[in-house]
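Based on the provided sequences and hints, a complete structural model is requested.
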Amino acid sequence: MGHRAIGLLALLAPATVGGLRGAPGARARGRAPARATCRAAPRASAAVAVEPVEERDVVVIGSGLGGLSCASLLAAAGLDVLVCESHYELGGCAHEFCYRLDGTTVPSDKLQPGERVFRFESGPSLYSGLSWTDGSPNPLKHVYEMIGEEPEWITFDRWGAFLPEAPDGYCVSIGASQFEQVLATYGGPTALDDWRRLAARLRPLTDGVKALPAVAVRPDAGALLTVVAKYPRAVARTLQDAARGLTRPFSEILREVAVTDRFLTNYLNMLAFLLQGLPSEGTLTAVMAYMIDDFFQKDAVMDFPVGGSGALVGALARGVTKHGGSIRKGAHVEEILVEGGRAAGVRLRSGRCVRVRRAVVSNADLWSTFRMIPEGACAALDAERAQLVPTKQCNSFVHLHVGFVADGLDTQIPPQWTVVKSWDVPIDAPQNVIVVSCGSMLDAQMAPEGHHVIHAYTAGCEPYELWAGLDRAGAEYAALKAERAECLWQAIERYIPDIRTRAKVSLVGTPLTCERYLRRDRGTYGPAIAAGEGTFPGVCTPLPGLFRCGDSTTAGIGVPAVAAGGAQAANAIMGVGPQLRLNAKIKMPARRSE
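Numbering (mature numbering (1 follows the signal peptide of the UniProt record, and there is no 0)) for the sequence shown: -22 to -1, 1 to 572.
Treat the hints with caution; some may be incorrect.
Claimed, not checked - Once the Cα atoms are required to be at most 30 Å apart in a straight line, the calculated DSBU-like pairs of lysine-lysine come out as:
id, residue 1, residue 2
1, K563, K300
2, K565, K208
3, K370, K399
4, K565, K276
5, K482, K208
6, K307, K208
7, K88, K482
8, K565, K300
9, K276, K563
10, K307, K399
11, K88, K300
12, K88, K276
Unchecked claim - Derived CB-CB ranges, DEER-like:
id, residue 1, residue 2, range
13, D449, V367, 44 to 50 Å
14, L170, P404, 50 to 56 Å
15, G428, R226, 50 to 56 Å
Think of the hints as simulated: they come from the structure by calculation, not from any bench.
Heads up, the beta-carbon is just placed ideally off N, CA and C, and yes, glycines get one too.
Have a look at this one:
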């Protein structure tokens, strides 16, 4: 039984099979970091300097959810881990940033105790399967269980939508019966029957993957112990399900089941795009089956962390530090050092070097990762570079963040809603799909008293080419920001018509913002690797000692996917024994009756 099949059937893209880089087991705690010297790379008009260097077991580049998942698990396994984050806020694409009422920004770690500010979320706001206490299939939940840290959760079930068939919008609870009401109202005569046939086809496919934790997968023979021996029935079931369509594009299943209702087909296409940035033709059936089972079951709820996405990040960061690891903000990695044919450490922009005894893990996107490694350092890595760098990219985003006065606001407004302008253009057409999230409607502490905070964004459909080469301080850039953000203001106005007069703070983020602050190549949402046309790179690389995690690897884009990839990168570095001890803390959902 190949590791490729195991990884794929764990709701992941196939894991890259490769030798484990580094010996198993953890280094003893209490040993002081070794001191050495590192010759910094030559700089123009500067003498070559000799900088002090520290030594760690592992350095993780970037503090996205994938990187922090990896780092926290390695720390929990007893390794000496350092996370290097370029930004002054942790979290990567999921970081928060704070503004006071007077419009001044303040780093979150500089806030006064109890100070209420606008806590803006830069990225994800849709979560499920995280509040469950009796077992969940969500990989991020599993990471929290293994590190012993977790946010508090708020649950809600109301979702708003403005669709071509519903220009005035609707707001319903999520769940099976509620979705059938939506289909009965907006779908055609076959919509309900089409949906029920599809649900019957998909439901058996979820049983195996939801019983097989993605965080147990590792890219070596140890998977026989961590996956096959521990979950034999789930492995057998998912292998069967792979042959039944789990790994096919979701569009093929729709055709197989003869789903013809236009509203239902378009709606599912929208969900696929919101999940991973590609329409149903490019989305794995496994991903859609998993999501549909979560969102459209009886008594389904959505989750929201108390404190917003910053709390997601904070729990992972605590998992790093409480187990003896370190996190360093404002530590931009310029280069991954290669010595003796393996990754030997990193060089920071300051010139300081950190050497590693075990591994370097890059949580940067694949294009940025390759830029940190000089060509010629490793022939096998150069070959992979030539293969992967041309990978097509998803588009970027335009974000609108608004802090506004809450007085007199309709209390029935849902905390989140989606706007789709047209089904007659590709779902990923620029400005066609907009998502709005008002986190303070769920957690009032995310805004000053008497105020709300709202985030609207074009969902991974903004072309970078419109922005390339613009001066961020120039008038042309300012004008384009106003023009491209207009659709976001209008999306908010669907529920809050006077939002512009209520606004106290408003900020527009662009692909150039994503490129600068999130360190995303061309501001991209991530690789656009369509189902059936390729697989994401695994966590191992051709360069010994170098591993990777994040949305450029394994399962790709999405919160559960990057948490799983981070865990798998950690598994590839730690031994089987430490992994099994951590995995023993996972609670899986009860098996459903046939």
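Legend entry - Outcome of range test on Cβ distance (D449, V367; 44 to 50 Å): violated, 27 Å
Inset, instruction - Given the hint that K307 pairs with K399, test it: the Cα-Cα distance must not exceed 30 Å. - result: Given that 30 Å is the threshold and the Cα spacing comes to 40 Å, the pair is violated.
Inset, instruction - Verify the proposed pairing of K88 with K300, using a straight-line Cα cut of 30 Å. - result: holds, 21 Å
Legend entry - Straight-line alpha-carbon gap K88 to K276, limit 30 Å: violated, 43 Å
Legend entry - Beta-carbon spacing of G428 to R226 - inside the hinted bounds 50 to 56 Å or not: Holds - the Cβ-Cβ distance for G428 and R226, about 51 Å, lies within 50 to 56 Å.
Inset, instruction - Take the C-alpha atoms of K565 and K276, compute the straight-line distance between them, and say whether it is at most 30 Å. - result: At roughly 21 Å apart (the allowed maximum being 30 Å), K276 and K565 satisfy the hint.
Inset, instruction - Starting from K563, check that the Cα of K300 is at most 30 Å away, please. - result: holds, 17 Å
Inset, instruction - Take the C-alpha atoms of K88 and K482, compute the straight-line distance between them, and say whether it is at most 30 Å. - result: holds, 21 Å
Legend entry - Given pair status - K399, K370, alpha carbons within 30 Å: holds, 25 Å
Legend entry - Holds or violated: K482 to K208, with C-alpha atoms at most 30 Å apart: violated, 54 Å
Inset, instruction - Verify the proposed pairing of K565 with K208, using a straight-line Cα cut of 30 Å. - result: Judged against 30 Å, a Cα distance of about 13 Å means the pair holds.
Inset, instruction - Quickly compare the C-alpha distance for K565 and K300 to 30 Å and report which way the hint goes. - result: Satisfied, since the Cα-Cα distance of roughly 22 Å is no more than 30 Å.
Going down the numbered hints, you'll see the structure goes against 5, 6, 10, 12, 13 and 14, while the others check out.
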